[in-house]
Every structure is written in C-alpha cells, then in structure tokens.
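Enquirer: From these two lone chains plus the hints, build me the complex, please.
Going down the list, the protein sequences come from chains A and B. Start counting the first sequence at 1; every next residue gets the next number (the numbering used here). Start counting the second sequence at 1001; every next residue gets the next number (the numbering used here).
Relax, there's no trap hidden among the hints.
Chain A is nowhere near these chain B residues, computed Cβ spacing over 10 Å in every case:
1. PRO1052
2. LYS1076
3. SER1117
4. GLN1137
5. PRO1159
6. ASP1260
7. PRO1514
Calculated cross-link-like contacts (lysine to any residue; reagent style SDA-like; alpha-carbon spacing at most 20 Å):
8. A/LYS12 / B/ALA1463
9. B/LYS1194 / A/PRO336
10. B/LYS1194 / A/ARG323
11. B/LYS1568 / B/ALA1586
12. A/LYS134 / A/HIS74
13. A/LYS48 / B/GLU1442
14. B/LYS1195 / A/PRO336
15. B/LYS1231 / A/SER338
16. A/LYS195 / A/ALA232
17. B/LYS1231 / A/VAL341
Covered by chain B, per the in silico footprint, the following chain A stretches (three or more residues, Cβ under 8 Å):
18. 87-101
19. 106-119
20. 311-317
21. 323-329
Bear in mind the hints are in silico, worked out from the structure with no lab data behind them. Keep in mind that this is a model prediction, so the values were computed, not measured. We put the CB at the ideal spot given by N, CA and C, even for glycine.
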Amino acid sequence: MSTPATETKLTKRDFAAETARWCPGCGDYAVLSTMQKVFATLGIPREKIVVVSGIGCSSRFPYYMNTFGFHTIHGRAPTVATGIKLANPDLSVWVITGDGDGLSIGGNHLLHTMRRNLDINVVLFNNHVYALTKGQFSPTSQTGRVTKTSPEGSIDHPIEPVIFALGAEATFVGRTADTMAQHMERILLEAARHKGTSFVEILQHCVIFDHHGWEHLTGRDVRDDNLVQLEAGQPIIFGKDHTKGIRSRGDALEVIPLDTGEYSEADCVVHDPGTMNYLYSRMIARMNHPEFPVPLGVIRAKKDRETYETSLQTKIDAVRKKRGATSDLDALIQGPDSWVVE
Amino acid sequence: MSSDTLPLHEERESVVIRFAGDSGDGMQLVGERFGDVSVLSGHDISTYPDYPAEIRAPQGSLMGVSGFQIHFGHQKHVYTPGDSVDALVAMNPAALKVSLPLLQKKGLLVVNQDTFSKSNLKKADYAENPLEDHDLQGQYNILPTAISQLTKEALKDSPLTDREKDRCKNIFALGLMYFLFDRSLTPTIDWLEKKFGKKPEILEANRTVLEAGFHYGETLELMASRVKVKKAEMAPGRYRKITGNQGLALGFILGSKKSDRSLLYAGYPITPASTLLEEMSRHMALGVKTFQGEDEIASIGAAIGASFAGNLGITGTSGPGLCLKAEFAGLAVMTELPLVIVNVQRGGPSTGLPTKVEQADLLQALYGRNGESPMPVISASSPSDCFEVGFEAVRIALEYNTPVTLLSDGYIANGAEPWLVPSASTLPDIQCQAEGQGTNGEYLPFARDPETHIRKLAYPGTAGKEHRIGGLEKDETSKVTSNPDNHEAMVHARAKKVAGIAASIPPTPIFGHPTGDVLVLSWGSVAGAAHSAIEYLHREGIESASHANIRYLNPLPPDLGDIMKNFKQVLIPELNMGQFHMLIRATYLVPAVPLNKVRGQPFAVTEIVAKIQELLHT
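Next up, chain B with everything else stripped away, as it sits in the complex (with noise of 0.2 Å):
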C-alpha cells in the first residue's frame, strides 16, 4: 500500500514521491537520480517512468507531461511505484493538472510558480491559476517555489546561455527533494562528474544548482519538516538496481554462456521493446552480436537463421512486431528450432498505446499463428524477475528445441528496482539438444526422444549430416510428404512436446495459506500490485487471502489445478479483458473471477484490496 497522508514529519515505511514536468524538462533523468541515490541510502525502491510517445510534445501541453515515479522504503511495502502520491513535483500547470489526481490529500506539491503564466494556464485548461485557489490550499501541502528564477539566480556568475541555465532547473528540483527526503548529494555529484567531466562549465553549473536547490531546503523553516523513511532490511549480498530489459539482457547473455551457443539477437526498433536491443548491443566484448533487421520479419528470420546454423537466436519486440512476426514463429514451431521471442507488451490494439502499459497479447502469444501451433509462453512479473525468466526463455528453447515466447510489459521493461545479484557459478547448464559432430549412422532430422518427443539438431558444418528442413509437413526423415497418418503423428508429437515442458517446472510459490477463501492469481506485472494487496490484508489481519503469480502460462504449472482447489473462491487480476481468465477456466473448469483493467495504468494496490474484500464478503 502506498504510505499515509502528509504532514511528513514521523518515521515512514515507504514513500512516493513523483517528478512531472514537460516532456523535455528532463523528468526521467532525475527520476532515475532519485532512485540511484535511495538505493545506496539502504532503501528498496521500485520507480514506474511515465512518458508520452511523443520525444517532444507541444511545450507546457498537457500531453506533453513526462512523469517518473518512485516508491521507496522498507522492503515489505516496495513491491509497486505506488497507487498515490505523498509529494509532487510539478514543472508547470499542465504537469499539475495531469498528475494532481495521484496526490494523496494533504501531500506535499513543490510547484515551479515561475511556469505558471497566463499562455501555461491556457495551455493546461486552467481557467484560474489552481496557485491562488483557496480548495487547492487547504487540500494539499502547497510549497509553491520560484525553480526557474532560483536557478537563474544561482548561475549568475555562469557562462552557460540563458536556455542552457533554464535547463538545470530540473537539477534545483531534485535538490530540494534530497533535502526534503533525507538524501546525500554526493552520488549525484559523482554521476555529474562522470557524465561531464568533459564539459566542465555544464559540470559546475548542475552541482552549483543541485546544491542550491538543496539549500533553498535548508532556508525554509516552515517545510522543514524532512522525512525519515525506514531503511529496507534486504537480505544479505550484493544487489543492484536493474530494469526488465537490462534483466532480460542478462538473462539471455547468461544462457547463452551456459549453454555454450553463440548468442544472436536481431531486433527491429519499437517501443518499450528497443532497450532491450539496445542493452544487448553494449555486449560485443563477451561475443553477442546484434542484427538490426529493416523490420520485424528480418529480425526473426535472422535470428531462426542463427538458430538454424547453431547459435541462440533471439528476438524481441513489442505487440504489432509480434504480428509481423507471426508467420515466421510458425515456421520455428514446424521446424523445431530454438528462439525466445520477446514481447514487451504495449496498449493495443494496432499502434494502440505504445508508451502505456497492458497485457493484452496473451492469447496472440498461446494461438496467433495458422494450424496447430504449440508455442511455449513465459512471463516476467516485475524488473528483478526479469534476468530468471529470460534465462528461463533459453533453457526451454534449447532443451526442447522450441521457439518459446515471453511476455514482458512496458511497466517492467523500463522501470527500475534492487535485485540481488546470483553468481554466475550457481546458474545451471544448459543441455542443448544436437547430435555432436562426427558421430556416424543415419541422422534423422524429426526422430525424436520416445518419452519427451525431443528431436535433436545437427548444426550446418557437421559432415555427413546434411539434411533440408522447412515450413512443409515432413515425416522424420525430412522428407516433404502430407501423409495423413505422418501429419496427425507429427501434430500430436509437437503437441505433445510442448506439453511435456510441465515436467521442467518448479512448484509454484504461493504467498500466503495455501488454502483459505481467496487466491489472487496473477500473471505478468500484476504480481506486484496482488502481492502488496495480500500483504496489506495480513498486516489487516485477514489471512484467508493469499497469491500465487503464474511465470508459466503455456504449459500451465501441473500443481495449479491443486493449488485452486484449497480456495472457495479465485480472483485474476489482469490489464486486460480477461485472457488469462478464459484461459483457467477453459482448462480447468473453476469458476473464476475476472478483475480487468484497460487504462493503460497498471492496478493500484487498492483495487486489487477492494475487489478481494468484495469476494470475502459475499
């Protein structure tokens, strides 16, 4: 649950504190500065960036307003960005406008008066200035503040432009948040100096304002109220801050290693799906290489193409990319060849919300393909579950010799928080299923395991096992033939094969009884949200809730029946029209019920809370 109301003098679990301004007021920068520092002040942070689409949108529109989020504190109460807000940062009025509604009442708002002109207001609807309105006054905690004058006035004597000045006031902003929450100003003296230490006037202007901005704290009797926020009690061991792309990256690099095959990743830029190219693209020294394909049907092609050849091909991208890349992850399902397919899931449909949040490609994953199709489906519940479930996506894929697809989100690809790093030696190998080089006697490309229907590969270069494969039917020779009983038995046998994954699964984690009235059962990044609505009910004393989050959504996890069964009642939470219900009851014929979601937002705590109440009441 997001913390109480203001005044902000006692001791808090968490807090959530949200930086808004114009898409070029250099939010997320400062976010993401928030957020390295409270990691290192010993708290568990979870930060949500909240951009519009557009690079720039109109100056001071309300479309414009960039937002980042960060929620942070003890461990226990971090587990989203936060339903609310207790303190607001706003640029200017449409930044006030948009983001207004997430502040708690009586929370605290640092706006910049100096944005606050006639043409702003316009731009933002207000007919009034909200500044001089009485209501706004005794609702919130209104610390109205002069940030572009300051900031003018504390680069007085600097030879920056006067646009080059205006654009450290971001930097005073962020000062005076350090102050107001406690937080030193040496980690983001440092990174300023790492990131300028070539432009030493830009350098020395940032500094000069972060630490006026912190001063101008310091001076304010009436506020100075600072905030103690508790530390987290993490679990011992190294930990960095990480975001689902980066994870996934990691995740994929690893499996790679372990597995011994050569890493390809192609990819084709789109939103929120590009960082993850971008990250893998930093790797070069390890030997990944990167194909930036001319679009999303290259990029798959090339990396089945790597497949084919013997190296780990991935791909990712974002909803309509996977639309594009439909055809060909059917020719991966026909030939059995490794890939991970990454969907970093946006609102849809078409272009749909590129920047927003929704889970609505879960049955286009399961079944968006022509013919029998078996397609592994895997997800990623938040940024630190990421780096398991794409190494997850690599095992699967090499040990079955399957395309497998997973599913991440917007929510989770770029938003940030602590992970506690594994060493690498405690990752498992991974076994890939190929015939070595060398070995005589006849290769037959679709033999396959008798128990797990496993066909094994042979790499082109492997003398004396030359063999064709393709999108036709073929029996297990390879050879082209549409013979009713080959193409039933090959049906069944790729079938078969996918569903024999289930075996590979752990148990699923159930947070809470594993029996009682409720069981939110989620998928994706909803995990949060479910799991902080349970922990608020026990802290509550309600304990007859509890939450399982599926990462295996194709095959399902073989205890889920089970685990059902010790609950009257079943409730999934989804962003979307209710796919995953559909998808339990129509395999397991319980009468689950669906809470949806399409506002490109993710749940608050509170739905989740209100919704479970409901059931626990009827």
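The shape of chain A in the complex, shown without the other chains (with noise of 0.2 Å):
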C-alpha cells in the first residue's frame, strides 16, 4: 500500500494511489495527472499534503492521490480542511470541489473559508452539472439548461465562481481548464505557493451530462478567440495573430482590434492581479463569451493579508507573552477565586 519515504526527488508517479475510476473521457483524468505533477514539482514530502474533498465526482480525488486524504461529506469539506490546518499549519491543504459541492450545498463554507484566508488550495472542478446523480442543473448551470430536474429549461440564474470568489475577498483568485495541461500546470503551482485561501476553477468536460461542455471556448479552433491568458505585467491580448486587445474606458472594458491601426498593444489594459482596484478585478472576472474572450490565468493574488492560522498563532503568542506561558495546570482549575476549608 504506503512506501516509506525517501530523500530522493519525488515523481508525478510517487504521487499515483488506486486507479482511478472516473468514465472514460472526463476531463477529471487530466486535473489528477497534472496535479500529481505539480505535488511532485512542489518538493513536499506525501506525508505533509492533505487533500480532502467533499461530495461529487471530483470529490473522489483524494482516493487517487498517494498523500493523505479525507473524503468527506456535501459541501463541507472546507470546513475540515480548517480543522487540518488550524491542527498543524505546516500541512499542505487541498480542498477538491465541484460547482454542486462548492457553490451549491457548500457555498456558505467557501465563502467564509476563503474570506478568512487560511492558507490553503481550493480547486473547483466546474462542468455545469450534478454528475454523481446523473444530470440534475447546478449554480453554474445556464438559465434555461435543460435537465433531468429541468425538463422545461433551468430557470435559475447561473453564478460565476471566480465572481463569487472575488465577492469573498479571496487573496488569490485563477481560472484554467482541463484541456489546457500546461497551463493547468503553471496555475496550480502559483497557487500552490500564495501565501493565503487560493481559488482556483477548473472549466472541467463532464463528456456524459454536458454534451455542450467548454468546446466553445477551449477548442482548439475557437480558443484563441474565445480565451485570453492572462500574464501579470503583460498588456491583455488575444486571438490568433495576437490582432485583439482589451481597452479599459473606466468602469467598462472593451474589445479593440489591434490590426487596423487605429489601435496598439499601448491601448490595452496592463494586467495587474495585485491591484487595489478591485472594480478591476471584477470588470476582468465579469468577461464573457460571447462580447469578450473568457479570462484564463490568475486574476487577483493579493499578498499582504495575514493567514489566519498565522494570525491566531501571534494571538496565542501575544496572549503568552502578556501573561505567561502557563503550565500550572493546578492554577488553572483553582481560578483566582479559591479558598480553603480546613
């Protein structure tokens, strides 16, 4: 079952527990293996990551990742990865959720997970869908989605998960996509690093209950067009020959063509995902297909908040310092109080 570990440099392999058992085709294969990547990349021992997940298909991950995991229950799993990391900070935390777990049964603990700001990693898998049950709409399902508990049409209003992250002040905030593994690869690690609640959505192909899935946006055809890969400090362009770019009027952004002359890479918007403006942040979060290429990449990552963990370890160390250490454990159940009867 376990190895021992060793000194030597861990592998994507060393990362590999039982096989997995997603159907063939699910876009959840790709996130495993370049996660196992990643781990591997990251140069933590197994022993010290923890990945814990909540209810759904992409909650079945930790069963397939040699580390420690704990597959808990709908939309909670948030909450138990606090409990992990305020029990031992120097454990690497991974919570893996999908749109149902995260948004829906679990969108309280995520909110105020990321608000906190522990220091952990929040990877939601989104493919639009409830997979598990077999097809019922989800918080991301588009209005009017016809599903096996919508068979006139979804009439829910749909949310965007990185809005609602930005809506929590999460500290870092990405977008990548399944099918993307090299940048899938790039966006965990940053994420993996910050300092702080790091949320990061995967747009995930669930290939038997969302025949429509991201193919509008990350075929290989339309991706160009339809996505743009965001680059801290790097003017926000996309398209195939680089010919689009997006303009900044204010409090809106628009599309400038950059080969008519009219306009040039200067016009664009510089991305800056530390910014203070947070109506930047929301105005890049809020682009959409079709008027806009639909953002890939890290769209906020703010460092200068606190972990929580580390702020209520200097509350412990404070408290220590103003009165001492105690370990009089007589003193303690005595109370200032006490008296003697003879």
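Expert: Spelled out as structure tokens, the structure:
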C-alpha cells in the first residue's frame, strides 16, 4: 500500500494511488495527472500533503492521490480543511470540490473559508452539472438548460465561480481548463505557492451529462479567439495572431482590434492581479463569451493579508507573552477565587 | 428540601432567596455576588439563573422578568437551587407577579414599592395594587421598601446622572439582603474595586449604595430578625465556585494535557452553550485554540479535521445545533475519529425554549443519525460534576477513537456551586490510540485490536502512513468497498467497539441501601432533586428508597441490571416525555415507572418525594 518516504526527489508516479474510476474521457483524469505532476514539482513530502473533498465526481479525487486524504460529506470539505490547517499549519492542504459541492450546498463554507484566508488551496471543477447523481442542473448551469430536473429549462440564474471568490475577497483567484495541461500546471503551482486561500476554477468537461461542455471556449479552433490568457504585467491581448486587445474605459472594458492601425498594444489594459482596484478585478472576471474572451490565469493575487492560522498563532504568542506561557494546571483549575476549608 | 417557613429568627439548615426584576435590572449580577459571598461565609450553594431569551424585553413586562435563585446552607440540604423561596426580592410588579408563586407562605417579601405605578401595574396585569391587598399582607412577611428613592438619596452628592443613579438600585437591594442574611460587605466591595477601579465615580456610587442598603436594614426595628444559616461542614480541601460550562472547559483542557493532544474547540454561538465557547477562548495562554465557525456544521467539521490532523477536536452546541451537526457526527462514527460533541440541552423542539431546561435530546444523541451509527453518550449531573464528565468524554474519545456526545443542560451550564478542586497530578494519563512516527511495516487504517475493536490512527505528517479515509464504507486497508461481508463485519465491529466501553465504566454509586422498595434512577441534572428527595425521606425515617444517577447512557453501566433487580420498583424522573424510561425498559425489560415534566423548569424535590411516597404506598 504505502511506501516509506525517501530522500530522493519525488516524481509524478509517487503520487499515484489506486486506479481512478471516472468515466472514460472525463476531464478529471487530466486534472489528476496535472495535480500529481504539480505535487512532485512542489517538493513537499507526500506525508505533509492532505487532500480533502466533499461529495461528487471530483470529490473522489483524494482516493487517487498517494497522500493523506479525507473524503468528507457534501459541501463541507472547507470546514474539515480548516480544522486540519489549524491543527497543523505545516501541512499543505488541498480542497477538491465541484460546482454543486462547492457553490450550492457548500457555498457558505467556501465563502467564509476564503474570507478568513487560511493558507489552503481550493480547486473547483466546474462542469455545469450534478454528474454523480446523473444529470441535474447545478448552480453554474446556464438559465434555460434542460436537465432531468429542469425538463422545461432551468429558471435559475447561474453563479460565476470567480466572481463569487472575488466577492468573498479571496486573496488568490485563478481559472484554468482541463484541456490545457501546461496552463493548468502553471496556475496550480502559483496557487500552491500563494500564502493564503487560493481559489482556482477549472473548466472541466463532463462527457456524459454536459454535452455542450467548454468546447465553444477551449476547442483548438476557437480557443485563441474565445479565451484570453492573463499574464501579470502584460497587456491583455488575444486572437490567433494577437490581433485583439482589451481596453479599459473607466468603469467598463471593451474589445479593440489591433490590426486596423487604429489601436496598438499601448491602448490595452496591463493586467495587474495585485491591484488595489477591486473594480478592475471584477471587470476582468466578468468578461464572458460571446462579448468578450473568457479570461484564464491569475485574476487576482494579493499578498498583503496575513493568513488566518498565522493571526491565530500571533494572538496565542501575544497572550503568552503578556500572561506567561503557563503550564500550571493546578492554578488553572483553582481559578483566581478559590478558598480552603480546613 | 427547601427550608421551613419564616419568620426568620432561628438558625436554619438552609435558605433559598431569589432576586427578581426587569431583565435590565442587574438581577444576575447581584445573584452572582450573593453566591460568591455565601461560599466565602462557609456555606454550600446552588444557584439558578432563570432569565428570559430576550436581552431586554419590554420594560416592566411579565416576559421580561429575570430571576436569580440561590440556595445556601449546610451541604446535606443544598443539592438543588430549591423548590420554593424563603425570601424574595421583587424589583417591580411584573417580577412580583411572576415570582410570588415560588415564595413560601410567611416568606419574606422585599418589594421596591417605588415601581408600583399605575402603568407598571397594568403591564403586570394587576387591576389593583397588590401591596394594598390585605390577603397578601396576611400570607407573607412583606417589607415594602422605597428602593429607588433610597438609592437616589444615598447618591445625592454623586456626580452620576439620574439614570446612572437609578441603575444602582439592585446594589441597594443586595446590601439589604446582606444585612438580613448576615453577610459581609467586604468581598463585594473588593469585587467592585476590581471591576470599576478605572471608573471611580461608579465605584464610589455602588459602594455607597451597598452600604446604604445594609444600614437601611439595621434601622428596621420591626424586621431586625436576622437569619443565621447553618454553615456547611465541607470536606477539607480547596474549593472554588464553578458553573457547569466552566467545569466542562476545564475538564477538556485537562483531558488535552493528560493526553498530550493540542485542543481545538470549535463552536457557534447558541444559548445555553455560548458560555462554553467563551470560556474556552479565554485559555489561549495554555495553547487552547478556539474557532468560531460560520455555522454549527462548520464548527463540527473543523473539530473533525483537527482530530484527523492529530489534535483533540471538540465542538459544543445546544439541541437545534445538534440537528445540524448530525451528518458530520455520522462521519466521525464512520471514520472512527476522536471527537467530543457537547449538547447543552434546552427546551425543544425547534428553537423551543432557549433559556429553559429540558432533557429531551437523549434519543437524538443516541440515534439521531442515518445508518447503524453507535454513539457513546455520557451526561453531567451538576455544575461540579461537569469537570469530571468533560475529562471522561475526552478519555473515551481518545482511548476508543470515537465521537462521544456529552449531554449537559441549561440548568447546570450556568448554575453554580462550590467544587472541591482536584489536584491535576491525581488525574490519570489518557492513552491515545495512534501509531507513532517511523514504525515501519504496512499501516492498515481500519485494522482493529481483536479484543476492543479499536483502530489506530496515523496523523498527517507521519511518513509512510499516507492513507485516505472518508464517509464511504471501507475495508481494513481503507479501500472503498460495498462488499456485503465487509459491511456486515464493519457494522458489527463499530457496534462492539462502543459496547466495549462498558468495560471501563466504574461501579454505579448508590445513595441509600443497595436493596429496597424504590430505586430512583436519574440521569443529568435531575440528580440533585432526586438525591435531595432521598435525603429528605431518610431524614423522615424512610430508608427503603435509594437513588442512583446514571452518567453513562451508552453504553449503560454493566452493573445497572443487577442494581435494579434489588428494588421492587424503579422510578425514572425526567424532564421529557420518558426517553430514558423507554431506553431502560427496552434494554432491561423492567417495568420502570416514569415521572415526567416538560415545563421548562427543573423538578421540585417535593414532586419526586410525592411520587416515591405514592409508589411506597401502592
């Protein structure tokens, strides 16, 4: 089963546990493979990694990673991850969730975990559907989507995961896609290295219940026009021959052509994930198909906020400094107002 | 039993007094002070804060009445806060109306007559001023006092505003009661100095008013019958005053120290469990971590995560919160992680009676989860019992790798009594069932001890022991499987493990003869009233009734079946519709007799005495 840890450098294969049991062609396989590679790259010993999940297809993930893992209950993985991190801040803690698990039943926990800014990583597989229960609409399903529980089309307004994360003031918000292995690897590595809660949405294909999937964005023939890869400090440019850019008009963004001579790269927005300007981050995150290319990459990364577990330890240290790190249990039990009966 | 009727001349075994006023009148504060002074005067005490769910209900209204009852005296008489009251302080008509039924005939009634205005009388549904009612004067020993006016006069030189001055009137009442019951002012003046040291005007005003109240008593020739209450003959040792929730907190901390597990307490504000979260958060200097989650679910989730990562995870709540935690409790059963779940019960169902006592969550604690989900359950019987029960819950959780539900209730959570403080060194070490770091060989997460069926944990950070657990059924290697043989074996193993805890349960103490006509079998906070009932009967020469309080509700004590066989009848008094009664009948097939009460109030000793006498005569 498990193998003793060695000093030798870990490889992707060291992180492989039992054989995954997702549907053939499921996007989860690509994420699993990339994640194993990322863990090997991070150089963190296997025993110091804990993968925590809730319920759903994506939540089977911990079983397939040769680390410590906890497959918890529906929507609640962030709470267990919180306890793990508070108990042992040395651990690298990963929450694997989906659009139903993380944004419907678990929306509350995700919100509060992100605002607290524990140093954990949340990876949300967004496939627009409840797949493990065989095809009901999810909180990210488009309005009008026909599913088993919405035969006349869903009347729910969908939520955009990265907007939700920004609303919770997550200090790291990123997005990538299961079909873009290299991009995914880079974003997950950045998320892992971020101190604080990092939230990464992965556009993930369900080949059984989400026929529309993400092909209209990530298909090889359309991705250059329908996606834009954000790079910190670089102008936001997209299109097959870099012929389009994003310009800011104060409180709105617009697509500008870069091949007509009217505009140049200098007119484009330079992406700043660490900006103080919250409106900017929101505008970027709101860019959506078909008016805009859908942004991938690190939408926001703020490094100025202390992590929750650090703040807690700081408080404990301060109290101990002020009152003395007491280990006098008798004094504790007696309290300040005891008396003696002779 | 509560003490006899006034007049308050002779020496008494014990006395019950009650302060009652508006919820903003500071009745809890003066009650606490009276309790503190009483223990320092050498009395045993039992206190009962009885307050409304609203922080400030409409002023002068019946629903806004806040009470604080103190029973003090010789320890053989003080097991409960008292059935009825010997002396009542009523700060307004509503307080009089609500509390008068508790006052014994000929009892002392101190009334703030200044508040008996037409509008206040109307709010209290009095058509006539009861102070002018001759019947009332005949029934009680009434002492109408111009408390508001006398407070104001005492503070005529104080720089405080009129409003601030008026807020000192509770202290005047306290001073008067100190005179009548022969208490020293010094501890309260010390307390005031500590509390208001930085606000000299407030400190001075309170001190002045306290003394004014006391001196007012001295001038009352007609009432100058001060009461001497028999001192307690407590076992020698160091004592402190403790509430139930304080006791639990200390028990948990000692459990964590004796097991060498860091403690994470995760909770969410809910009456009457909030004071437990508050108390835990005061002990950062000992390394205690507290986490206030976004809801009840998050707090149990964090506690489970902490236990998985090698800490001692504890969560606390009250009934409605336990409903929310149920799914996670099932996960802890399935993954066999140590966890303590505290349920400080209150009246239900639903939001119910948040500040009132009830014991109706027993079956929920035992069975309120899906599947075959064995849950050890233990209960606390008094504020001073809470420390030991808190420690015991930690022991069971860590030694058996299991969640444990600890049932307390609002009556003991915030009630107080003296507690003979143990020495930390006398508490046993707790042996965690975990694999050490570096032991080679295959780690099987759900391999069990063949005798006890306990599994061993391996914490994240332990090299070579990486493994995955979760809510799905697994085999001993922790591989997911729905194999029928495996599931059956696992269901039985989990059940046997919990049943096996019985081997560590000490003999059940019996108060009274081990054989007889009636055994009163209690659990939780009914213990005090049940014990007092038997004390009373023994004093009356009736020796054929005994009492046993059951701390361990699952598994039940191994000696309980035999104990019951030695009595002709078993009486089970409970603040519910008969949940323990059902459990006992189902488990032992004994024709136990129920005595149930669901009024949001504890049993009166007399109610239990009457039922025992009825059984003795049938």
